[in-house]
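**Q** Dock the two chains into a complex; use the hints.
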Amino acid sequence: MSQHALLYFVRGPGLQIAAVMFVLGMVYRMLHLILLGRKKNLAVPRGSEWGGGLRTMWHRSLVSGTQTSRGYFILGAGYAFHFGFMITLLFLSQHIDLFRSVLGFGWPALPPGLITITAILSIAAMIALLVHRYTDPVKRLISDYQDYLTWALTFLPLLTGIMLKQGIALGYQQMLIVHIATLELLLIATPFTKLAHMFTTFSARWYNGAISGFKGIKV
Amino acid sequence: MATSLQRGVQSMIEQIDAPMATFFSACVHCGLCADACLFYTETQDPKYTPIHKLAPMRRVWQQEFTFWGKLMAKLGLSKPVTDAELAEWEPLVYDSCTLCGRCSLVCPVGNDIAYMVRKMREGMVASGHAPDGLKEATRRAIEQGSPMGITIKTLQAHFKHAEQETGLVVPLDREGADYLLVLSSAEIANFSEIIPAVTRIFHQAGVSWTMASDGFEATNSGIQIGSSDLATELVNRIVKAAERLKVKYVISPECGHAYTALRWEGPNLIGRPYPFEVVHIIELLDQLRSAGRLRTVGMDDTRMTFHDPCQMVRRGGVIAQPRNLLDMVAPNFVEMPDAGIQNWCCGGGGGVSANPRADELRLKVFSKKKSQLDAVNVASVVTTCSNCRNMLEDGLEHNHMDLSVIGLTELIAAHLAPAEKQ
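Here the protein sequences come in this chain order: A and B. Okay, so the first sequence: first residue is 19 according to our numbering, each after it adds one. Okay, so the second sequence: first residue is 53 according to our numbering, each after it adds one.
Derived from the structure by calculation, the hints contain no laboratory data. All C-beta atoms in this analysis are idealised placements derived from N, C-alpha and C, irrespective of residue type, glycine included. One or more hints might be untrue.
SDA-like cross-link-like pairs, simulated, lysine to any residue; straight-line CA separation at most 20 angstroms [as the list claims (entries may be wrong)]: (1) B:292 / B:194; (2) B:99 / A:152; (3) B:422 / B:390; (4) B:122 / A:49.
Which residues of chain A face chain B? A partial, calculated answer using Cβ under 10 angstroms [stated by the list, open to error]: (5) 55; (6) 154; (7) 156; (8) 222.
Chain B on its own, in the form it takes in the complex (with noise of 0.2 angstroms):
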């Protein structure tokens, strides 16, 4: 895609619509965003503060939509954006923004900041200022099908060992079962054991279930480094799969953004609405759960706590389901301070996990979730997103923390009680 600073701005204007303009219109630049970044908290340093990251954008917007700044803009006495600033923003743009989305629950006068730096990386992209770290597994996921470079047929080997372990199926490419599975890369590639254990579960609760080979990868990049145009290509093969196969339903995986982009991004990107429902693993097994389908045996009696996925609560509104699903097998489970909508971001979401340049920083600002950790003292973590995992995994063995990171659904899947037909 060509880039250039012009197509920046005008990419950058495109997106100033009703709320975004309410917003810069709002902001009496009182600073409470700061306490709620880990950005800042961890740091102290000001220029992490979550509405100083959109500086250039809102001077485009004056220029643009205001009176003033429209008069000043005739007159010469406004300074443009440059390409160079956007080059000094870009790191605040994307490796200091989880798009966690905290800030947008503590400003007082309302303005949404993780929307509008949603909307901002849009110009960015568009004006050749994204990390290469995230060009580049947006460019891996577009060419070869994942940002990580998975392939169907690393899948298929996941599936034999799968099929192996569990004696079971791992239905690929069944025309009109009810429910099409898709995973994250991160899934597959680091915490495979996933297969098995959705494999196991679905047969239990006797769930009619396929994945599809043209349409496995959940991970979007391009909703993490904020270009709508590979966002939709990539939303595009999952709900071709899906029609092609004539589901019901599509299982969003155990991942934040990607539910994001498959749940509420997903039919404006492709401007329609998509003719199956998004359902997240965990709202699935929930449901489940509540019907009397998913029976759990025996209990773990680990010391143990939630990580809530940013995407999922503040973003995405899953947070009851987690927490009945660990009732049933957990009964040492305690909240974290701040646990639910408040949760802080584990430090890797909106694509900063896929961007190297921002690890040292990223490990950094990890000491906030240490805190909240040592607050409860837990000999094992359980989360519902498998970037978050990853990083937790990596943000506990940089500081030496003797805890185990556990998926939720594997969690239950261990203590999966006999199904009754086998």
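Chain A on its own, in the form it takes in the complex (with noise of 0.2 angstroms):
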């Protein structure tokens, strides 16, 4: 396969392949873990389940109760690299483009320039974490091979990426190949891996939030 056609398939079938396995592969796993069900609650409820489920979904993002250097160092950093990622995903021009050509509408880039900043500060917060990682006694004893796996399927499309602007190692062509692929990895192994928190987070938060609210409880 020439260079040219196998960009043509990572930008095309490629990228619809992978992101039609990461919308079912994702759908499947919330319907999975949804109709697991729970028992209905048969005891006098003293506040709202719903209530208590979405407050603690909004709230859970905030900082908040951490008094210790290791929680000011996992809050600092993972805000760092998931505000860095998100924005570098989402307003980076070419990425833009990419989005109109799939949902037919597009928004405002940021400048590159801030994007880079962006890109790198995401960097540095995932080299840290995964110093911390491995070095921290406590998270190195609850570590398992996915926590490895997933970093570096999530580090790849930022550094090939930061690669690719900067026009370091390889032809523009061939580094944007690499770039795709990794993102396509990425996309492909979400629904299997603990990545797939980018959405059970939100509903593991209704449910600890909705368990309290039923007892009228804020938490």
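**A** Here's what the structure looks like:
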């Protein structure tokens, strides 16, 4: 397959396959979780499950509660990574072009220089979190191979993206192929790994908030 | 009950519902729960990280409920849970978790880890890996009617004393009363002054109440050990007594887990709604206060603080009521750091107090409570759970701290205004 054909594949059918696997995989995963169900609660409620659930879905996104150096570090680096990643993904003009071709609409891009900063911020936070995972006794104990695998799967699109943008290594076209391929790998892996937390985080928060909301407790 | 590894694993599979599977799926192994758990903060031992306590059950979930886990299991590439592993985890699941739920408050992905440990205990019991002390307490509860071996005869002796002290009758088996009062064995054994206290309060407030000879014990060891079957049997004794006496309300006593068992888990255990309501004694006293039926005289000038029992605040939602009551009698009341929903556990909840193997660890982690108390420099600590009260007294004595521990109901009773109708 020529380089051009390969680029055509990863940008066309390859991306479509990955996107469909991501969407169907996540729909299956979420349905599978939700359909496990839970027993109807026969106790007399003191508050609202939905009120508590929605509140906790939102509230746990806010910085709160932590008073330890581990807590400050994880929240700080965690926010830096997630925000950096999302801004880079959603506001680079080339990314928006791709979204426009799929969704039929786009939105204003941020200046490329700013996106370089958010990408580097995200990469730096990820490296710091990896070092922390390996050196912090608590995190090292509770980590398994998936924590490192999913770290790598998330890191690769960021790394190849910045290399592509800065013209580091390989030709532009070759790097673009690698960059899109790493993204496709991430999309395909998400439903089958703990990357699924991008969705299950919110349902987990809902259940926690609902269990407490039923009892009239705000958590 | 016949126990085996197979039954344990099967029980864990049965316990995995939508919230449980979602919690396992959402965990990103960030370790923040460690800092919320007093067993970790006071020992700095990573094995006490709350989510780590669920590691064997997490593998059961992976192998039975996830794509990769199922595939690996089919190919013989996964590590099944073993008896030796569950034996190793037993002290983590029981000795170092009080089901206090502080971890459930801080988890950034929202996992209710206490809910998870409660469910894992079902599997631990079924596999035969529960602490001997807790097994014994549960056996006594089932066979003798109380985890501390208290019988109706013992209780009646306390009634006699209370009647002599108050000049009032302690009603027993009075059909048609509005309220049925149940007590915890820790109260009956160690703090029996609660009986004259409630007798006087209810007399003053004009509450129609009774106790039941066949349903007086509120402690539910079944909930603590994690056996729904045994928990159901214990709850059912109270339900049957309440139905026999046709009461409108059952009063849960000053005991945290009894409240969880009776108020929140009970109807789900017996599989039907109650024909009565459950109210905690502190909720009832606060209702009486706001209705003007509970009146006190005089104040206690002692500098005092309040220990929120985990099952009353985070897991029970009774937060403002004790403070309303303290305001009636304690002008020098001060809050501890982290008071309220974030309060630290006494160290003895969730069956830890019934497990002598855990004593050393429990007293070690009491350093958290000590630092909270040291910060406010008080002479007394008030609480609304007799188990917390026992644990506080034990921990204070161990640390040579000269503080008195008081039950809130008794504090109110000590300042009760004379009844209008004698």
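**Q** Taking 20 angstroms as the top limit, are the C-alpha atoms of residue 122 of chain B and residue 49 of chain A close enough?
**A** The given pair, whose Cα atoms are some 18 angstroms apart, holds under the 20 angstroms limit.
**Q** Was the hint right that residue 55 of chain A lines chain B, CB cutoff 10 angstroms?
**A** It holds, given that the least Cβ distance between residue 55 of chain A and chain B is near 5 angstroms, below 10 angstroms.
**Q** Would the hint linking residue 422 of chain B and residue 390 of chain B be met if the CA-CA limit is 20 angstroms?
**A** Given that 20 angstroms is the threshold and the Cα spacing comes to 13 angstroms, the pair holds.
**Q** With a cut-off of 10 angstroms, does the beta carbon of residue 154 of chain A approach a beta carbon of chain B closely enough for the hint to hold?
**A** Holds - the Cβ of residue 154 of chain A comes within 10 angstroms of chain B, reaching about 7 angstroms at its closest.
**Q** Hint validation: residue 156 of chain A versus chain B, beta carbon distance must be below 10 angstroms. Holds or violated?
**A** holds, 4 angstroms
**Q** Below or equal to 20 angstroms on CA atoms is what counts here, so check residue 292 of chain B against residue 194 of chain B.
**A** holds, 15 angstroms
**Q** Given residue 222 of chain A as an interface hint, is its Cβ closer than 10 angstroms to any Cβ of chain B?
**A** holds, 4 angstroms
**Q** Check whether the Cα positions of residue 99 of chain B and residue 152 of chain A lie no farther apart than 20 angstroms.
**A** Cα-Cα ~16 angstroms, so holds.
In summary, the structure agrees with every hint in the numbered list given earlier.
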